[in-house]
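Residue numbers (the working numbering), protein chains in the order written: chain L, 1 to 165; chain B, 1001 to 1577.
Be aware that one or more of the hints could be misleading.
List of simulated lysine-lysine pairs, DSBU-like, C-alpha gap at most 30 Å [said to hold, decoys possible]: (1) L:80 with B:1576; (2) B:1241 with B:1137; (3) B:1572 with B:1396; (4) B:1153 with B:1137; (5) B:1396 with L:80; (6) B:1537 with B:1576; (7) B:1537 with L:119; (8) B:1129 with L:80; (9) B:1241 with B:1537; (10) B:1153 with B:1129; (11) B:1087 with B:1129; (12) L:119 with B:1572; (13) B:1572 with B:1537; (14) L:119 with L:80.
Just so you know, the hints here were simulated from the structure itself, not pulled from any lab data.
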Amino acid sequence: MNIPNVNYTVHYVVHAYRQAPWRIQRQWIGTFMLMVLGLAMVASLYLDVTAQAALTGRTIQDLSYEINAGQQANASLQTKLSELTSTHVMEQRAAALGYQPISATRIQYVLVPGYSAPKPAILAAAPALKPSAPSVLPEYTESLIDWFDQRLSPPPTTGLIGSSQ
Amino acid sequence: MRQQYAWRSLALAGILGFVGILIILQTFRIQNSPEAAVFRAQAAAYANVLQTYYPERGDIYDRNGHLLAGNKTVYEIGVDLQTAADKHAIALAVGVELGLNPDDLYNQMTNPPAGLQYLVLADYVDADKAAALQQLKATTDAQNNSLAGLEFKPHPQRSYPEGSLASNVLGFVNREGRGYFGVEEKYNNLLAGNPVQVRVPTDPNKAFDIPHVPNGTTLVLTIDRDLQAAVEQILDDSLSKYGAANGTIVVMNPRNGEILALASSPQMDLNQFWNYGSIYHNASEFDRAVSMPYEPGSVIKILTMAAALDSGTTTPNSTYLDTGALLVGGATIRNWNDQAWGVQDMTGCLENSLNVCLAMLSTKMGAQTFYGYMNRFGIGHLTGVDLAGEAAGRLKVPGDADWYPVDLATNAFGQGVSVTPIQLMMAASAVPDGSRMVTPHILYAMVRDGRQYSVPTQYAGSPISASTAQTLNQMLAVSLEREASSALVPGYRIAGKTGTAQIPDAYGYEDGVTNASFLGWGPVDDPQFMIYVWLEKPTASIWGSDTAAPTFAQVAQKTILLLNIPPDSVRKEIAKP
C-alpha cells in the first residue's frame, strides 16, 4: 500500500480577546480619577494639619505673651506692695496706731530655751524655678516635605572626634 | 464616525497637554529668571523681623527680704498716624489725662517726621494714668471711635519702693537700662541679664519658638532696711545738730565684713534719678564712704599703735615723757592742744590722742616697718568692696617725689595720708576679733533660676598677731572708759577712737574747719558691729569727741536694738553653764 505523500499543513486558530475600547478608557479614567482623589485627600489633609498647626502655634504664642504680661503685672504689684509697706509708710502707720520707738534701757531680755535668733533668710519671695517657655513641637512647624526628609535622612552617627592619646 | 471623534479627542488632549507642558516650562522659566532672584531676595528681606527680647532686670532685696529695687509696668502711648481718625480728640484726651499741652501734641501729629507712621506721644506713663486713658478710649470706641489709632505699649521700668532709702548704696538705672553707682552699676551685668535676639517669621502660618530669656539675677544685700533707715535718720539729725556740711555713717559686721547700713549725704530719690546733676557736683560725692578719700586724723592711730605693739616697738605699759613737741624732719609735731601731757603710758596716748606720742612711735619703728604695716593694713589700696566707684586713697611712701621725712610722723596721726571710711574699717577689722581683716561687702546672696548662691566671707590677711589685736582691743576700750567718752553705750563695752583732722587746701590746712570722725565697735568681748562716723566741717564743735562720738553712740544704740544684742551682763548670764 502506498501511502500518498501528503503534505499536511497545520492551522492553529488563535483566539484573541480584545476589550472594548470604552472599557479601556474607563479604566484609565478610573485610575486617573483615583489618583486625583488620592492627591486631593492628601492635599486636604495636609492643608488641614498645617492650618491646625499654625493655629496652635499662634495660641501658644498668645499664651506666652500672656505669661509675660502676667509676670510684668506680678512684678508691678510686688513693687506696689513694697511701696505700701516701705519704712516710712510703716513708721507713719505705727505712729498713728500709738506705737513709740523703744529705747535700749526699756528692753527686757528673756532666756527662751531652744530659741535661736532669726538669720538672714533667703527670700521666701525669691523667684521659684521658672519653667522655660513652652516649646513648639516640630509636628506643629515642619512641613510634610520636612517630615519625609527627616524620615529618609540617615540617623546621625556618633563617635570620637580627634581623640588621641 | 467613532474614529473621527477619537482623533478629535486625541488632538484636544494633545493640545491641552502641550499647553500644560508650556505652563510647566513657563513656571520653571519664571522660577529661574533673574527677576525671580530679585523677588526672592525681597521676600527674604521681609520674611523675618529681628526682635530683641530683654530680660526683666533682677530685683534687689535687703537681708530680710524687703524689696529695695524692683520693676513696675509703665506705658508708651503713641498714635498710629494711618488709622488716627480724629487727631484733635486724641490730642485733647492725651493732653488732659497726662497733663501735656494738647496743641503741642496736635502739632506733632499733623507734622510728623517724613515717613513716620507711628508717633510716640508720651513714654514712662504710670499705669494708673494709662488705665484712665484706656478707659476713655474704650468709651469712645463704643460711641464715635474718635480715639481710634491711639495705642498703648506696656514695658517695665526700674522702681525703688523705698524712695531715697539706701540710695547711696543702690545707685540707679537710667531709661536705657544701664546702672549707675552703687550696686546697680557694680552688678549691672548680673542684674540686667542677657538680651536675646531672634528672627521672627512674618508668615502668619509659621509659628516661631519664643525664646526663653532668663530674668536678670536677683540680689540679696547685707543691708538691714530698718537699721539703714535709722542710720540715715541719725545722720540727718547729726548734720543738723552739729551744723556739718556732709556726713557718712557705715555699720559693718567686723567678723564677716557684711555692711549692715551705709548712709552718706546727700541722698536722692532714686525714682527721680534725673535730679542727680542738681544734687551732686561730681561722682565721688554719691557715696562718700567708698569714693571720697580724706585725711582721717586720729582714728588712724589705731593702726599706728597696732603696728608699734606688733613690731615690739612698745608695750601697753611702756611709758614716755610727753613734752608737747617733737622735732621730725625739720618740722615740730605738737599735740592737739599744744600742751605737754607729762608721763603717759600707751593707753594714755590713745585716751588723750597724743600726736607727739604716735609720731614718736612711728619714728622709732622706722619708715620701712611703719609703711610695711600700713601696706598690710591696705592703706593706699582698694578694699575690693562690691560698690561702684571705690577710691584707693593715697599713702605716700619713701621714694615718692612728694614724700618727706616729716610724713613718717604726721602719717602716724592721720595727716598727709588719705583714706576712705571703708578702708579704715577693713584695716581696723583686724583688731576686734582675732587678727584677720575682712573684706567689706554688700552682697549677701544671688538668686538665679531659683537657686541661691551665698557670698562667702573673704579675708584680707592678718597684718598683726592675735595677741596684739587682743591687747589693742582692751587698750581702746579702757581709753574710752577712762576718758568717759560720749561714745559709750550703757550696758555695753565699746572700743574705739575719735578723730579730728584739719582739712588740707592748696596752701596747707584750712583754718577753723575739721573732719570729725569716730571708729568703734562692740561689744568688746563679742564684737557684732563696727561703726564709722564721719562728719564734715561741723560748726557746733570742731572736735570729733563732741560730734562724731555721740553720733556713734546713737547709732550703736539703734544697732543694738535692731540686731537684738543683749547687754554684756545678760550675755554673760546666758553664757553661764
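Outcome of the hint check:
{"no.": "1", "hint": "L:80 with B:1576", "result": "violated, 48 Å"}
{"no.": "2", "hint": "B:1241 with B:1137", "result": "violated, 54 Å"}
{"no.": "3", "hint": "B:1572 with B:1396", "result": "violated, 45 Å"}
{"no.": "4", "hint": "B:1153 with B:1137", "result": "holds, 14 Å"}
{"no.": "5", "hint": "B:1396 with L:80", "result": "violated, 51 Å"}
{"no.": "6", "hint": "B:1537 with B:1576", "result": "violated, 47 Å"}
{"no.": "7", "hint": "B:1537 with L:119", "result": "violated, 39 Å"}
{"no.": "8", "hint": "B:1129 with L:80", "result": "holds, 15 Å"}
{"no.": "9", "hint": "B:1241 with B:1537", "result": "holds, 12 Å"}
{"no.": "10", "hint": "B:1153 with B:1129", "result": "holds, 13 Å"}
{"no.": "11", "hint": "B:1087 with B:1129", "result": "holds, 20 Å"}
{"no.": "12", "hint": "L:119 with B:1572", "result": "holds, 22 Å"}
{"no.": "13", "hint": "B:1572 with B:1537", "result": "violated, 41 Å"}
{"no.": "14", "hint": "L:119 with L:80", "result": "holds, 26 Å"}
Going through the hint list in order, the structure does not satisfy hints 1, 2, 3, 5, 6, 7, 13.
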